[in-house]
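Asks: Here is what each chain is made of, one letter per residue.
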Amino acid sequence: MSPRTRELGFLIPAALVGLLGTASVANAQSRTLGSGALTIVGVVIGLFVLMHIALRLRTPFADPYLLPIVATITALGMVTLYRINPVLAREQVLWLGVATAVFIVVLACLPDHHVFEQYRYLCGLAAVALLVITMIFGTDISGAKLWIRLPGGQSLQPSELTKILLVLFLAGYLRDKRELLAVPTRRIAGIALPPVAVLGPVLLLVGACLGVLGLLNDFGTPLLYFGVFISMLYIASGRGSYVVASLTCLVVGALAIWAVIPHVHTRVDAWLHPFSDAQGQGYQIVQSLYALANAGLIGPGWGQGFLIGPNGNYVVPVLDTDFIFTAYAAELGFIGAMALLCLFVVLVARGLTIAAQAPDGYSKLLAAGLATTLGLQGFVIIGGIVRVIPLTGVTLPFMSYGGSSVVTNFAIIAMLLIISHRSRAPFRPRVPRALRANAQQQIDSLDG
Amino acid sequence: MNKSIRRLFWVLSGGFVLLACVLGYWQVIHASAIDNRPGNPQTIQRTLLVARGAILASDGSKLAVSVASNQQGQRVYQRTYPNGTFAPQTIGYANTVQGMTGLEDSQNGYLTGDYGAQSLLGKLGLRARRGANVTTTLNVAAQEIANRDLAGKQGAVIALDPRTGAVLVMASSPGFDLSQVGTNFSHIIAQPGGPLLNRTVQGRYPPGSTFKVVTATAALESGLFTPMSMFDDTGSVLASGQLLHNFNNEQFGPNNLTQALTFSINTTFAKVGIALGSQTLGTTMNAFGFGRAPSVDLPAGTVFPSGRVSGNTVLSNTQSGEDVARIAIGQEQLLVTPLQMALVSGGIANNGLIMNPYLVHTITDSSGSVVFTHHTSVYSRATSPQIAAEVNTMMRNVVKEGTGTAAALSGLDVAGKTGTAQTSTNGLYDAWFIGFAPAQAPRVAVAVIVENSPLTGGVVSAPIARDVMQSILTGGN
Numbered sequence: 176m177s178p179r180t181r182e183l184g185f186l187i188p189a190a191l192v193g194l195l196g197t198a199s200v201a202n203a204q205s206r207t208l209g210s211g212a213l214t215i216v217g218v219v220i221g222l223f224v225l226m227h228i229a230l231r232l233r234t235p236f237a238d239p240y241l242l243p244i245v246a247t248i249t250a251l252g253m254v255t256l257y258r259i260n261p262v263l264a265r266e267q268v269l270w271l272g273v274a275t276a277v278f279i280v281v282l283a284c285l286p287d288h289h290v291f292e293q294y295r296y297l298c299g300l301a302a303v304a305l306l307v308i309t310m311i312f313g314t315d316i317s318g319a320k321l322w323i324r325l326p327g328g329q330s331l332q333p334s335e336l337t338k339i340l341l342v343l344f345l346a347g348y349l350r351d352k353r354e355l356l357a358v359p360t361r362r363i364a365g366i367a368l369p370p371v372a373v374l375g376p377v378l379l380l381v382g383a384c385l386g387v388l389g390l391l392n393d394f395g396t397p398l399l400y401f402g403v404f405i406s407m408l409y410i411a412s413g414r415g416s417y418v419v420a421s422l423t424c425l426v427v428g429a430l431a432i433w434a435v436i437p438h439v440h441t442r443v444d445a446w447l448h449p450f451s452d453a454q455g456q457g458y459q460i461v462q463s464l465y466a467l468a469n470a471g472l473i474g475p476g477w478g479q480g481f482l483i484g485p486n487g488n489y490v491v492p493v494l495d496t497d498f499i500f501t502a503y504a505a506e507l508g509f510i511g512a513m514a515l516l517c518l519f520v521v522l523v524a525r526g527l528t529i530a531a532q533a534p535d536g537y538s539k540l541l542a543a544g545l546a547t548t549l550g551l552q553g554f555v556i557i558g559g560i561v562r563v564i565p566l567t568g569v570t571l572p573f574m575s576y577g578g579s580s581v582v583t584n585f586a587i588i589a590m591l592l593i594i595s596h597r598s599r600a601p602f603r604p605r606v607p608r609a610l611r612a613n614a615q616q617q618i619d620s621l622d623g
Numbered sequence: 015m016n017k018s019i020r021r022l023f024w025v026l027s028g029g030f031v032l033l034a035c036v037l038g039y040w041q042v043i044h045a046s047a048i049d050n051r052p053g054n055p056q057t058i059q060r061t062l063l064v065a066r067g068a069i070l071a072s073d074g075s076k077l078a079v080s081v082a083s084n085q086q087g088q089r090v091y092q093r094t095y096p097n098g099t100f101a102p103q104t105i106g107y108a109n110t111v112q113g114m115t116g117l118e119d120s121q122n123g124y125l126t127g128d129y130g131a132q133s134l135l136g137k138l139g140l141r142a143r144r145g146a147n148v149t150t151t152l153n154v155a156a157q158e159i160a161n162r163d164l165a166g167k168q169g170a171v172i173a174l175d176p177r178t179g180a181v182l183v184m185a186s187s188p189g190f191d192l193s194q195v196g197t198n199f200s201h202i203i204a205q206p207g208g209p210l211l212n213r214t215v216q217g218r219y220p221p222g223s224t225f226k227v228v229t230a231t232a233a234l235e236s237g238l239f240t241p242m243s244m245f246d247d248t249g250s251v252l253a254s255g256q257l258l259h260n261f262n263n264e265q266f267g268p269n270n271l272t273q274a275l276t277f278s279i280n281t282t283f284a285k286v287g288i289a290l291g292s293q294t295l296g297t298t299m300n301a302f303g304f305g306r307a308p309s310v311d312l313p314a315g316t317v318f319p320s321g322r323v324s325g326n327t328v329l330s331n332t333q334s335g336e337d338v339a340r341i342a343i344g345q346e347q348l349l350v351t352p353l354q355m356a357l358v359s360g361g362i363a364n365n366g367l368i369m370n371p372y373l374v375h376t377i378t379d380s381s382g383s384v385v386f387t388h389h390t391s392v393y394s395r396a397t398s399p400q401i402a403a404e405v406n407t408m409m410r411n412v413v414k415e416g417t418g419t420a421a422a423l424s425g426l427d428v429a430g431k432t433g434t435a436q437t438s439t440n441g442l443y444d445a446w447f448i449g450f451a452p453a454q455a456p457r458v459a460v461a462v463i464v465e466n467s468p469l470t471g472g473v474v475s476a477p478i479a480r481d482v483m484q485s486i487l488t489g490g491n
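Those protein sequence lines, which keep their order, are chains G and L. In our numbering, each number is its position in the first sequence, counted from 1, plus 175. In our numbering, each number is its position in the second sequence, counted from 1, plus 14.
There's no promise every hint is true.
Stated by the list, open to error - Here are the simulated lysine to aspartate or glutamate pairs, DMTMM-like style, with alpha carbons at most 20 Å apart: (1) L/K76 <-> L/D191; (2) L/K414 <-> G/D535; (3) L/K414 <-> L/D481; (4) L/K17 <-> G/E292; (5) G/K352 <-> G/D495; (6) G/K352 <-> G/E292.
Rather than coming from a laboratory, the hints here were simulated on the basis of the structure.
My request is simple: use the sequences and hints to build the entire structure.
Replies: Here is the structure:
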């Protein structure tokens, strides 16, 4: 069975999840399963079929599991969004259409991801530039200055694109300095450190990202960037001591930010003691915990939880973006949430498998960086919701409402699939017809 | 590099396992503690999703029902009270803001379907719970007559079937409309007189002369006195260093114990009290259930015990060194609930046996099968059948020719005792009547209190008792 046929087979359960989920919401909400809901399901299925066709044409040997996993998470996200806000669900279908277009364009126009290797510093500069632009022109939405308003009411979240640029930069840069990184030149307190000349620019760039984001008042994205940086540094160097050193920097940096910026105090308090200010700083997290606890082991089922108040407002603020996981787990319970967590683990596993199968260091670093980005982003937002770490405002990949996030994440999947295709395609050298005929003649003469 | 990639995968997976563990803590292990946090809107909402059972009067008429409505695409249930002023304190309310009271509170498990062995589907929450219907013992006609007679007054009426303990009437005035609780609660609690107070079980009043029934029983129990024991009333008795007078300073001259009860002669009962001592009188009080409180199927702690009350504590009935002469006439820190006095009356009526009072007769599930039936039980043996019969006869005299003639019913023998206890305001009394009928084979025992009345129990409360008893006896209950 070809990888693409296998992929098509695994897309069927994803489509069923979407269809049955939507029917379940319609049933619970005592609405009929009208043409509107079926149109959403149909269009989403159609978009994935388009992606599948593009993969058949451009990357026939790419990993067959990645797209079905993404399709399943998207189906769960769309049903959850449709349950809490049908209008937003329809808008999200449009964004999914844009994401599909970007996905196909990436597949069509990027035959070889190695082109980015030579533009690594450009990527790094672009990442910083995007963040500076956000800092200057950004709009404050729910406490973090992460959006740029576009004429026409839409807003863009540049930090989503930044994460791809950062991975592209790090993959190129770390591949370049890999040999130097592997040889420590000095030790401080028993921890091996690479040459300053090598690590300096990297730390500078990452520090710049963190600084800028600290000013943008969002802590989830820096956490995500730092995590991706540490992961890629570890893969490039194979040295745990670098991870320890970086984590030490992170903790020291975090403590410094905590000491300097008073805003962080309230956030940390809301993390550690949400119930002591349940109507103020802790409101979101407390309402979210109430909704999660109410669901219990198996949950009341889609459409049967208490997520929308009598006045039509969300019971938990920003339920459609930051707290989409709460909206999901509050109705499907712990078992449903476990299924979603497993999907993310499998997504990361496939991404890292692609990295492991890649033939060269750059591809490995790029694929691992992209896969880690998706996994860590899921960890950061869900971890914030279940109070493992302070709550941050990053989106849950493929589930949260929002255009920037879904477009970027599908671009990431497209790049992973290109890398996968190139490493799995059988080697077929292009031999000119004349040469081939000549060889055939020689073989024939040997027989004779 | 692949080794590092593999290790990275294990670290990331470990992160997700950590998330799963912590999520399991919130959603499963610690969930009930979060559910029970005050003000949790999820828990409040969950109560709206249950089709709460109905509360019915003894004739099946609806006192509290749930009506389905649609809220944001979800079916929720709204509690409505078709006759919200019928017995508001007894029925109670179940409200997400004000909480729960009365039978709505005490029967919440049955009303929400949370009782008995749950099926596996029910345990997993896959099958909607359906509440069971609670049929009470309340008699519609009699309760409404009690409400009518109490209108404009502060007071309470309680009527029991002395043979079973079934509470037929539980009326407390001022009342309120249960259907206004959700929308107009601040207005209700601003009303004078404390409408939320269930005076039948929570109002504590000096019993006054109604307590002489207890003293008379103790006197006969002791063997020192008979209904014919003679006394001489000179208008006052010296007790604990202070003179004790009759009501309105009347003077009765020679009298026997029956006459003393009939005309409520304080000096005679004071002498009896002194002769008995607090030990003997206290033992009879214990036998009548003073110092304890039955549940009457109401929420725990909402039925107050009666007895000698100091501050918030009920003192021992048999404590020595007390002013037993004044206890014997229902004074001296004695505070009683109307329920307790109805139990005294019912004990005499039922040959000395006080039955456990109850409000819940049967509970049937949504399919109509009975899931609970009250079984009558003895609350206390107050006295022997012989002495109960003697006190019964003495109490009949009260209605026939004494202070309680206003309670008389044509064609029936009524037994009773009036009480007119002084309040802190001069000239205003807590006016009592306790009694039962028909005296030969009692089917109803009552206690009536009207607060701050310028008139005596025989004038104000006895007619209310008569109306309620008549309604019950003619209603065929």
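Asks: Among the hints numbered above, which are violated by the structure, and what are their numbers in rising order?
Replies: 2, 4 and 5
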